[in-house]
Amino acid sequence: MNDNDAEHAEVAERNLRILEALLFASAEPLAPSDMAAYLGQGANAEALLAELARRYAPRGVNLVRRGDKWAFRTADDLGFLLRREQHATRPLSRPALETLSIIAYHQPTTRAEIEEVRGVSTDRNTLALLMEAGWVRMRGRRRTPGRPVTYGTTDAFLDHFGLESLGDLPGLEELKGAGLLSGRLPSTLQIPLPFDGALREDEDPLDPDDLDGGRDLEDDPGNRAD
Amino acid sequence: MNDNDAEHAEVAERNLRILEALLFASAEPLAPSDMAAYLGQGANAEALLAELARRYAPRGVNLVRRGDKWAFRTADDLGFLLRREQHATRPLSRPALETLSIIAYHQPTTRAEIEEVRGVSTDRNTLALLMEAGWVRMRGRRRTPGRPVTYGTTDAFLDHFGLESLGDLPGLEELKGAGLLSGRLPSTLQIPLPFDGALREDEDPLDPDDLDGGRDLEDDPGNRAD
Amino acid sequence: MYVDVDGYEGPLDLLLDLARRQKVDLAAISILALAEQYLAFIETVREQRIEVAADYLVMAAWLAYLKSRLMVPQAPNDDEPSGEMLAAMLQFRLKRLEAMRRAASQLMNRPRLDFQVYARGAPEPIEIARNNIWEASLFDLLKAYATNRERGISTDYSPLLRTVWSLQDARDILQRLIGDSFDWVPMDSYLAQYLTTPGERATVRASSFASSLELVRQGKIDLRQTEVFGPLFMRRSKSDPR
Numbered sequence: 001m002n003d004n005d006a007e008h009a010e011v012a013e014r015n016l017r018i019l020e021a022l023l024f025a026s027a028e029p030l031a032p033s034d035m036a037a038y039l040g041q042g043a044n045a046e047a048l049l050a051e052l053a054r055r056y057a058p059r060g061v062n063l064v065r066r067g068d069k070w071a072f073r074t075a076d077d078l079g080f081l082l083r084r085e086q087h088a089t090r091p092l093s094r095p096a097l098e099t100l101s102i103i104a105y106h107q108p109t110t111r112a113e114i115e116e117v118r119g120v121s122t123d124r125n126t127l128a129l130l131m132e133a134g135w136v137r138m139r140g141r142r143r144t145p146g147r148p149v150t151y152g153t154t155d156a157f158l159d160h161f162g163l164e165s166l167g168d169l170p171g172l173e174e175l176k177g178a179g180l181l182s183g184r185l186p187s188t189l190q191i192p193l194p195f196d197g198a199l200r201e202d203e204d205p206l207d208p209d210d211l212d213g214g215r216d217l218e219d220d221p222g223n224r225a226d
Numbered sequence: 001m002n003d004n005d006a007e008h009a010e011v012a013e014r015n016l017r018i019l020e021a022l023l024f025a026s027a028e029p030l031a032p033s034d035m036a037a038y039l040g041q042g043a044n045a046e047a048l049l050a051e052l053a054r055r056y057a058p059r060g061v062n063l064v065r066r067g068d069k070w071a072f073r074t075a076d077d078l079g080f081l082l083r084r085e086q087h088a089t090r091p092l093s094r095p096a097l098e099t100l101s102i103i104a105y106h107q108p109t110t111r112a113e114i115e116e117v118r119g120v121s122t123d124r125n126t127l128a129l130l131m132e133a134g135w136v137r138m139r140g141r142r143r144t145p146g147r148p149v150t151y152g153t154t155d156a157f158l159d160h161f162g163l164e165s166l167g168d169l170p171g172l173e174e175l176k177g178a179g180l181l182s183g184r185l186p187s188t189l190q191i192p193l194p195f196d197g198a199l200r201e202d203e204d205p206l207d208p209d210d211l212d213g214g215r216d217l218e219d220d221p222g223n224r225a226d
Numbered sequence: 001m002y003v004d005v006d007g008y009e010g011p012l013d014l015l016l017d018l019a020r021r022q023k024v025d026l027a028a029i030s031i032l033a034l035a036e037q038y039l040a041f042i043e044t045v046r047e048q049r050i051e052v053a054a055d056y057l058v059m060a061a062w063l064a065y066l067k068s069r070l071m072v073p074q075a076p077n078d079d080e081p082s083g084e085m086l087a088a089m090l091q092f093r094l095k096r097l098e099a100m101r102r103a104a105s106q107l108m109n110r111p112r113l114d115f116q117v118y119a120r121g122a123p124e125p126i127e128i129a130r131n132n133i134w135e136a137s138l139f140d141l142l143k144a145y146a147t148n149r150e151r152g153i154s155t156d157y158s159p160l161l162r163t164v165w166s167l168q169d170a171r172d173i174l175q176r177l178i179g180d181s182f183d184w185v186p187m188d189s190y191l192a193q194y195l196t197t198p199g200e201r202a203t204v205r206a207s208s209f210a211s212s213l214e215l216v217r218q219g220k221i222d223l224r225q226t227e228v229f230g231p232l233f234m235r236r237s238k239s240d241p242r
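Protein chains in written order, with my numbering: chain W, 1 to 226; chain Z, 1 to 226; chain F, 1 to 242.
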């Protein structure tokens, strides 16, 4: 009789493990009938689910019944952990990625130069977004007519993308070697070596009022009273 | 004193529930630092995670370590029950698989080294494909003339292949012991060394520190200026 | 250029397969026998086909050299690597490739995520304090840059059509040029008229060189180089019965 009990308990444990795995991996709540086929002969799915729900009741994750189906859900009292939608991490948009990569390779670079490389005008929000993300910064002003603002990347950029220095960005041959650039490129195509220093000789420091507000993002360089 | 212990246990239980909830809720592995902010003052996230892993070890869902991160995953032995019919991912080609394992076992490794091991040039799409799958990443550059880009595996690689760390790679110690993870002929082959530059195949060892002031740099001083 | 030889992935793959057919441990393998098998195999393939990828021919030339080093005792003042050393290196490379193949299959047999092990099927969105709201990987970044730069040039760029000298062509041309000349002549002089277009120089030289190795192996021509990176001289072999 004792042996029988022990065996019984072992079978039940095994069935409970199977239910745990099934419920955990499923994208949808599951009905007992969905799971019965995975359990041993003569197993009582309802009773097993009730036992599982009892065990998980004090845990951070509970097994809950939704209609006649079951699912794991975060315990109600830990609901504060659940994310409010606006905080979702989102993939960077394609234009933003392109702009960021051009700034990384061509820095120090101006908005006009970015547009020249991309072949389309840059949405003013894209640069603002990249600066807000902490990856792009205003470096200074180019010593050319209009004194456009020059952009570069930040330490946070290196950190996020796992680069020790800007020199770690792969060059032309390596982009080809990694299959990112096709082999059929004109010999005129060059990839610049990003400038890693404080200010290049054609750059002036930023003006004192450059850093407050996004005025520098305005299209018309004529607005600048020099 | 007893009260203190009881209070202590209660705090630990609450922290464990929070970790359970966070880890259950996320499909991706989480770093202790991601979770620390939600735990009470002075909580030891690592110790709590180890305790949680211990508790879940016999269950149908296990808490596993993947590199520096942790995740709940269904138990290995229940895989046969859960096998899903269709996989969206195409199986890797043999060259891609070989390239992946060479990167995993030899990392950080360069494209030239991969080609040396395989004895054939790498299709330019293979590396791009492995990077796109999220299993391979560019790590940095080798400190040798030409500063070639080095490749390594990602946390997603560990997660996909169920490895706690790179030390768990199957047969790693054995391969190391046999000298098969080095670019050089192992001394166990009892061959009079060295054979200076006679064979181009003989490449630098993988540890970048070994190369500091190493012979390779001195052989060709012209290459040092970069 | 990659020509498939009976589904092999390069000369090392072919050698490994031949080695396995010796049905002995790689440590106990006869490198000399292996080299002979390889050379015989390539010869058979060449009889059936017009062209074999240069990789395979370079390996064949190297193995022919290895064979000669193994059969002739090393002279005392010979500072070239010994045949035994070259053989050990080849054996090492074969063992390493085989080890990597075995490792790859061991990896694939592990309980893999989404094959035998599963993550939470219905993840619940949680708020994790991260430093970044935006997600992007280095690969995304590089891909965006490369795509963008390529897009920029596609408008005013028509792909350069590169002439590739096939090994057969190179061989025919070389044999025609060398003709019956027993004088040493630099390879580049023979090829002068073909080397005028900068874009073609690399392929002309590479194919001619690979073909000349093959011609040497067949005893049709002799090859001589007096210094490293110096000009390559060639002439009709005196032993060529033609």
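Think of the hints as simulated: they come from the structure by calculation, not from any bench.
Heads up, some of the hints might be wrong.
20 Å max Cα-Cα, derived SDA-like pairs, lysine to any residue [unchecked claim]: (1) W:K176 - Z:L48; (2) Z:K69 - F:L113; (3) Z:K176 - F:T147; (4) W:K176 - Z:A12; (5) W:K176 - Z:G152; (6) W:K176 - F:A202; (7) W:K176 - F:R151; (8) Z:K69 - W:K176; (9) Z:K69 - W:K69; (10) Z:K176 - F:R151; (11) W:K176 - F:D25; (12) W:K69 - Z:G134; (13) W:K176 - Z:E115; (14) W:K69 - F:E124; (15) Z:K69 - W:D159; (16) Z:K176 - F:E124; (17) W:K176 - Z:G140.
ask   = Where does the structure disagree with the numbered hints, that is, which hint numbers, in rising order?
value = 1, 3, 4, 8, 9, 10, 11, 12, 16
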